[in-house]
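Number of protein chains: 4
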Amino acid sequence: MVAVLKHNVTPEQIQILVTWLEGQEQIVHISAGENCTVLGLIGDTKKIDIDLLEGLEIVDSVKRVNEPFKSANRKFHPDDSVIEVGGLKIGGSHFQIMAGPCSVESPEQILFIAKSVASSGASILRGGAFKPRTSPYDFQGLKADGIALLLEAKKQTGMPIVTEIMNANHIPMFEHVDIIQVGARNMQNFELLRELGGLRKPVLLKRGLANTLQELLMSAEYIMAGGNYNVILCERGIRTFETYTRNTLDLSVIPMLRELTHLPIVVDPSHATGIARLVGPMSMAAAAAGADGLIIEVHNDPKNALCDGPQSLTPEQFAELTKKVNRIREAIKE
Amino acid sequence: MVAVLKHNVTPEQIQILVTWLEGQEQIVHISAGENCTVLGLIGDTKKIDIDLLEGLEIVDSVKRVNEPFKSANRKFHPDDSVIEVGGLKIGGSHFQIMAGPCSVESPEQILFIAKSVASSGASILRGGAFKPRTSPYDFQGLKADGIALLLEAKKQTGMPIVTEIMNANHIPMFEHVDIIQVGARNMQNFELLRELGGLRKPVLLKRGLANTLQELLMSAEYIMAGGNYNVILCERGIRTFETYTRNTLDLSVIPMLRELTHLPIVVDPSHATGIARLVGPMSMAAAAAGADGLIIEVHNDPKNALCDGPQSLTPEQFAELTKKVNRIREAIKE
Amino acid sequence: MVAVLKHNVTPEQIQILVTWLEGQEQIVHISAGENCTVLGLIGDTKKIDIDLLEGLEIVDSVKRVNEPFKSANRKFHPDDSVIEVGGLKIGGSHFQIMAGPCSVESPEQILFIAKSVASSGASILRGGAFKPRTSPYDFQGLKADGIALLLEAKKQTGMPIVTEIMNANHIPMFEHVDIIQVGARNMQNFELLRELGGLRKPVLLKRGLANTLQELLMSAEYIMAGGNYNVILCERGIRTFETYTRNTLDLSVIPMLRELTHLPIVVDPSHATGIARLVGPMSMAAAAAGADGLIIEVHNDPKNALCDGPQSLTPEQFAELTKKVNRIREAIKE
Amino acid sequence: MVAVLKHNVTPEQIQILVTWLEGQEQIVHISAGENCTVLGLIGDTKKIDIDLLEGLEIVDSVKRVNEPFKSANRKFHPDDSVIEVGGLKIGGSHFQIMAGPCSVESPEQILFIAKSVASSGASILRGGAFKPRTSPYDFQGLKADGIALLLEAKKQTGMPIVTEIMNANHIPMFEHVDIIQVGARNMQNFELLRELGGLRKPVLLKRGLANTLQELLMSAEYIMAGGNYNVILCERGIRTFETYTRNTLDLSVIPMLRELTHLPIVVDPSHATGIARLVGPMSMAAAAAGADGLIIEVHNDPKNALCDGPQSLTPEQFAELTKKVNRIREAIKE
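Chains as they are written, first to last, in our numbering: chain A, 155 to 488; chain B, 155 to 488; chain C, 155 to 488; chain D, 155 to 488.
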């Protein structure tokens with residue numbers, strides 16, 4: 155950690171600060187120049203509260219040299235994490251496509267879609283049972299009944315399932331769910347993350363709408379600090395000034411996170427763009443940039459255009475897409 | 155609600171859509187032009203899922219004419235809401251200053267600050283017991299002990315208290331807390347909001363880092379839909395590209411929310427700017443723009459610079475500020 | 155264009171507005187509902203100032219149904235534009251890679267790089283002569299001498315060249331330049347755009363840091379309104395809250411612009427990310443998403459690490475990248 | 155300047171870098187720790203290209219300790235700059251209100267408004283002659299005729315005038331204009347800024363839609379580097395995700411810029427919000443936060459609602475507002 159002091163600081167003030175820092179088990183190197191003094195701190199700087207240090211009267215700014223995340227950090231875990239999900243693997247060279255409807259609606263719907271996507275390249279079934287909705291007046295999902303329908307679809311197709319949790323009290327209901335999803339709005343629901351850290355089940359952690367990569371990794375750290383290392387990161391678009399797309403899909407996070415962490419990274423092009431016509435190109439781009447997987451919305455009844463969510467693919471479009479994604483995956487092999 | 159159709163839509167397609175909309179209890183007006191057709195929907199359009207409609211193959215875009223929030227909407231409640239807090243009022247012409255430390259640290263600290271800010275213009279005591287921290291390795295607050303210390307300070311000073319909740323399971327601990335705060339990161343923790351809707355206690359709802367005013371009002375709606383109308387909105391800065399300040403304080407929300415809603419609006423200049431030197435000017439600006447209150451961090455021990463948070467005022471600075479805020483309040487009186 | 159009126163508007167006020175609109179050669183359809191009245195305007199609504207209309211006391215909001223861009227609009231020009239550049243084509247099925255140094259530095263440097271990138275897949279040479287720098291104290295480019303060096307490299311290699319203009323007065327110097335680049339900071343320098351509209355030479359128009367796709371297309375429209383239809387659009391990253399990368403590359407613009415416009419779209423992954431290690435993955439992602447070309451920084455002297463810009467590839471890295479991009483291009487062929 | 159090196163750097167690599175930096179007239183302090191090495195550079199670090207240094211293979215990150223702006227920097231010019239404008243002063247304790255129409259439309263209009271705003275508290279007349287419009291099809295202003303009308307209004311009322319320039323070639327037309335305005339879209343039109351640096355006339359420099367305070371000050375530096383120290387900074391809102399207001403007015407820039415620079419700071423609440431109803435509260439907030447002036451749109455013909463721009467005040471509203479602003483100015487006096 156490097157602390158830059160203000161330029162009119164007295165030697166006495168510096169001495170007081172250095173003594174205090176040494177009391178925090180830091181070795182302090184002082185670089186005094188004409189215009190400013192810089193302190194280099196060597197030691198376990200995780201103990202230092204950066205906001206507190208930056209707030210001191212005599213400190214101009216502070217720069218952390220080591221990242222504040224440890225369990226998620228590639229420096230301390232150079233190999234890619236490979237996460238096991240119901241007999242499948244994700245991460246390293248293992249790529250998986252998760253697909254299914256935004257919401258589970260009925261036994262027929264979820265089973266129809268499950269079979270359809272399984273036959274055209276998806277390996278994991280997604281489907282929402284608990285739905286975070288901006289409005290309290292909108293449909294909130296089938297809840298426990300939705301989980302039961304997903305489990306039935308899992309039983310009949312053999313596909314592992316992924317579905318979103320919104321409340322730590324619901325964890326018992328997720329006992330047979332293969333991957334628990336934490337949605338973007340709950341990325342910093344630290345109480346929920348901590349509870350998921352007590353499990354040993356894969357967690358798909360979505361990046362919040364306005365969260366930095368460091369914050370995403372710190373949220374992963376909340377789960378991992380509890381001993382649950384089965385974290386899969388998910389980019390699903392960030393909020394910007396642009397309004398043509400619902401969010402702005404930030405694909406540069408794939409190679410960037412690849413450097414920072416060993417955790418697998420999947421991309422959700424459906425929620426990122428909010429427009430079905432963009433899901434194909436963005437899925438291919440994500441695969442080309444090196445993603446470990448995709449999570450895509452596919453809707454059950456392509457003939458009933460009135461119920462077609464704006465971002466869902468038809469099973470036919472999805473089948474077409476998986477072929478292209480596989481060709482991209484072949485093309486980028488070393 | 156207005157739906158603009160794509161320009162190559164057939165009369166048959168339009169007819170199917172109109173019939174479906176009429177089945178949703180909508181009266182549909184059709185305006186057909188050379189380049190496009192526009193449908194105007196009259197009825198309870200809250201029943202229509204705007205995303206679903208916008209996603210239809212033949213629909214170009216949809217515009218909601220009525221806001222989706224109802225209980226919070228000034229149209230249906232023209233008078234300012236005045237919320238009672240431990241014998242005080244906030245909203246309408248009632249202005250309150252909440253002040254106190256970021257974290258409750260010890261009995262001496264919280265009592266010292268409580269007495270100090272009470273003597274210089276604060277009417278409500280703030281203090282964090284449960285602290286949402288980006289890192290699992292950072293201090294998470296004194297939790298239940300922190301609440302107990304706040305209640306002791308309330309007993310000794312008579313000040314109502316406001317403190318943050320992070321988990322609906324903790325509600326019983328907040329029984330004697332006067333205002334329950336929902337932090338920015340939990341603004342869309344809908345499960346928590348719903349539980350708070352079951353109480354009849356004031357809730358201070360902070361705007362999320364990247365949430366629009368409409369989303370803020372929809373989150374208020376979650377609480378109000380449960381019958382708890384005691385919602386106080388709080389602007390605390392949004393995330394932008396600018397890095398000099400921690401967040402960008404958006405004061406135009408004060409007059410804007412004033413039009414949209416009858417709920418009181420307070421401003422948190424401490425978290426918005428992250429810099430103590432900016433808290434004074436931004437507090438005065440907020441008062442000038444018509445805020446119903448302020449929530450300000452004040453730190454206990456101004457002599458110990460090492461523990462001075464970057465955004466906390468000393469009691470002396472706070473006392474100076476409240477005088478200026480009162481002068482501003484006088485100046486804007488009609 | 156659709157104008158939604160406020161809900162307490164009188165029939166007299168509506169009549170005055172309708173009469174005025176009809177005076178502007180609009181046919182007005184009125185949809186009157188219980189809560190609001192909606193006016194549908196049919197006619198050449200480009201004549202209506204949307205800001206003015208939206209500002210009227212009785213108008214709640216206005217929505218343009220037709221896009222305000224005409225020459226750039228795919229609706230009126232369904233086929234892809236193919237732009238000719240020194241014997242090459244870009245757009246439609248024609249993909250070109252532009253490469254070269256950030257700044258032209260010396261005859262040896264530019265010639266070395268030109269030959270190197272030509273031999274490994276680049277077809278157009280890029281290089282900065284006039285450099286827009288945030289600081290007046292930073293190197294501003296070799297200016298006219300830089301143009302001369304680029305023209306010499308063009309002569310020796312036969313490659314067309316692309317370089318940035320910052321001042322319409324410099325147009326005569328660009329006579330033999332093949333593509334004139336307008337940088338992100340000048341995207342809304344309307345005086346410059348208008349002058350470039352008087353030429354018949356290709357213009358590479360970069361998206362501004364905080365400009366929407368509609369604004370980008372309106373800036374293209376400034377050039378095209380002057381009769382110069384040779385506009386190539388370029389995505390180079392937008393400014394967001396994230397700080398790991400210099401900007402956030404918004405690849406969803408590729409399929410989105412593809413729908414809105416017939417103009418070719420190229421991607422600049424070097425400026426978007428600011429990090430050489432991300433240029434490869436983002437180039438592949440751009441190709442997979444369907445870009446019509448790439449513009450990539452390649453630096454001359456890979457051994458002299460001290461002069462290696464943070465975002466420039468070595469010739470070896472560039473050669474490796476073009477192979478992968480070509481494999482992606484093969485994979486996405488129908 | 156502080157350079158943090160990567161953690162696996164060899165002593166030889168460090169030596170090469172140190173030697174190179176010393177060749178750039180830097181004194182280098184080395185702090186070597188277990189996990190990383192930090193170099194502190196003392197000297198005129200404006201000579202070091204921070205992007206270049208940050209791009210070196212062995213460098214992890216670089217932090218500038220001294221700001222890159224010099225002429226605009228309060229450190230080197232502790233007293234407030236007071237700028238003279240046609241016999242008036244702005245900056246220090248001098249506060250001025252600029253008012254007038256968005257566009258100059260006719261002799262009657264500009265003269266009517268000039269007299270009106272002069273009688274109710276404005277001291278400087280604003281009015282657009284050259285209008286930067288997003289669309290080439292929109293009204294672009296009266297241009298030279300507009301300047302002539304402004305000069306006539308100046309002659310008749312004695313008010314100094316401020317109007318926008320879009321092209322350095324137009325400078326001769328601005329000979330008798332008192333303050334030349336650079337609009338947000340041209341804030342980084344460095345060629346224009348440089349030309350204005352050659353004048354000795356006040357320049358009102360508006361912050362770009364997505365520009366940081368440092369970039370704003372660097373653009374001021376372009377003008378000041380040419381010897382023209384008469385720069386007035388103007389906050390007019392930044393682009394964020396929020397859509398209720400046109401832009402987000404960032405009032406924390408007032409105290410923040412106050413620390414960083416000695417230049418006067420004015421606020422444009424009309425363009426920032428785009429909504430006349432918000433102009434009053436935001437003007438008062440700006441005054442309370444310590445602005446040196448305001449620039450406000452006032453429209454000529456309040457009876458003709460059809461021509462009332464959405465963000466313009468009527469003369470009556472403006473007169474009411476100046477009274478309130480003056481009361482706020484009184485209230486904040488020490």
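Since the hints were derived computationally from the structure, they do not count as laboratory data.
Since we're looking at a predicted model, the values are computed, not measured.
Each residue gets a CB set at the ideal place from its N, CA and C atoms; glycine is no exception.
Heads up, a few of these hints could be off.
[Said to hold, decoys possible] Computed from the model, here is a short list of chain D residues facing chain A with C-beta under 10 Å:
id	residue
1	165
2	169
3	172
[What the hints assert, rightly or not] Dumping the calculated DSS-like pairs for lysine-lysine here, alpha-carbon to alpha-carbon at most 30 Å:
id	chain 1	residue 1	chain 2	residue 2
4	B	217	A	285
5	C	477	A	478
6	A	308	A	224
[What the hints assert, rightly or not] Output of the computed footprint for chain C on chain D, the stretches with three or more beta carbons under 8 Å from beta carbons of chain C:
id	stretch
7	287-299
8	310-323
9	331-345
10	374-383
Now for the hints, and whether the structure bears them out:
1. 165: With a minimum Cβ separation of about 17 Å from chain A (threshold 10 Å), the hint on residue 165 of chain D is violated.
2. 169: Where the cut-off is 10 Å and the nearest Cβ of chain A is about 18 Å from residue 169 of chain D, the hint is violated.
3. 172: violated (13 Å)
4. B:217 x A:285: At roughly 23 Å apart (the allowed maximum being 30 Å), residue 285 of chain A and residue 217 of chain B satisfy the hint.
5. C:477 x A:478: At roughly 19 Å apart (the allowed maximum being 30 Å), residue 478 of chain A and residue 477 of chain C satisfy the hint.
6. A:308 x A:224: violated (35 Å)
7. 287-299: It holds: at least three residues are needed, and the stretch 287-299 of chain D offers 7 whose Cβ sits within less than 8 Å of chain C.
8. 310-323: holds (count 4)
9. 331-345: With 6 residues closer than 8 Å to chain C, the stretch 331-345 of chain D meets the three-residue bar; holds.
10. 374-383: holds (count 3)
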